[in-house]
Amino acid sequence: MLENIPLNDILKILLVLVLVTSALVLWQRSLTSLFKTYALQSLLVALVALAFFIHDGHLTLLFIALLTLFGKVFLIPRILNRILFQMNIRRDLEFRFLYPVSSLIVSILLVFGVYQVFSSLLGEVMPERLFTLGAVIGVSMALMGMMVIFSRKKMLTKIVGYLSMENGAILFGLFVAELPFILEILVLIDLVILVLLLTVLAFGIDSTIEDFHPRFTPLGEWFKKK
1 MLENIPLNDI
11 LKILLVLVLV
21 TSALVLWQRS
31 LTSLFKTYAL
41 QSLLVALVAL
51 AFFIHDGHLT
61 LLFIALLTLF
71 GKVFLIPRIL
81 NRILFQMNIR
91 RDLEFRFLYP
101 VSSLIVSILL
111 VFGVYQVFSS
121 LLGEVMPERL
131 FTLGAVIGVS
141 MALMGMMVIF
151 SRKKMLTKIV
161 GYLSMENGAI
171 LFGLFVAELP
181 FILEILVLID
191 LVILVLLLTV
201 LAFGIDSTIE
211 DFHPRFTPLG
221 EWFKKK
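Here the sequence shown stands for residues 1 to 226, where the numbers follow full-length UniProt numbering.
Be aware that a few hints might be false.
Ranges between beta-carbon positions, derived for each pair [said to hold, decoys possible]: (1) Leu-75 - Gln-116: 36 to 42 Å; (2) His-58 - Val-192: 21 to 27 Å; (3) Arg-29 - Pro-6: 24 to 30 Å; (4) Gly-57 - Lys-153: 42 to 48 Å; (5) Tyr-162 - Ser-33: 14 to 20 Å; (6) Phe-70 - Val-117: 31 to 37 Å.
Worth flagging that the hints you see were computed from the coordinates, not collected in a lab. The beta carbon of each residue, even a glycine, is placed where N, CA and C say it ideally should be.
Please put together the full structure from these sequences, using the hints given.
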């Protein structure tokens, strides 16, 4: 049945689903559900890259799909769940500036605003509306991930915000940028996120950003003595 559906229609469906997962990332309060939503979002991004590979045949696209699948669907969510298992929290109920409902309203306005800007800027450069839609959703995802970072207090939730921003950057790159550039950015950001996750795991930071200070103060004093 899927073989009778044009590739453009499949990509549009995937893009809409990706945008829905971005809204769910803003909405979720359960950290377990948040990690599952992020894994689903990453799977959809990997499927977009795979669809482009099937159409274009570039091996770089296949590598991006496989790297996203391994790193973002399996490895990073597993590390996040392992950290969560060692913590005393299961939900992120603390918000700054924006609550879930207001975040969704702002997100809708952001998507609409980005669409208007990109339609006027890219309308002549990229007449194919699918590429404009992909670029719009990619940038919107990055902005929504930034909203998660600034509106939530838990460290793990902020990390998911960074990861969602990265998915948005990858999606934007798949539709607009050069493939080697996307690959370099993907590998670099994944390495940074993995280091951050391993730091959280090692120091057992179990609530908010403020918990960095009491944890790292003894470490800083130890270095001064050395």
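Comparing the hints with the structure gives:
Judged by the Cβ atoms, the range 36 to 42 Å given for Leu-75 and Gln-116 holds: they are separated by roughly 37 Å. The given range of 21 to 27 Å is respected by His-58 and Val-192, whose C-beta atoms sit roughly 25 Å from each other. With their beta carbons about 38 Å apart, Arg-29 and Pro-6 fall outside the hinted range of 24 to 30 Å. Hint check: Gly-57 to Lys-153, Cβ distance near 46 Å, so the stated range 42 to 48 Å holds.
Look at Tyr-162 against Ser-33: about 18 Å separates their beta carbons, and that is inside 14 to 20 Å. For Phe-70 paired with Val-117, a C-beta distance near 34 Å keeps the hint of 31 to 37 Å intact.
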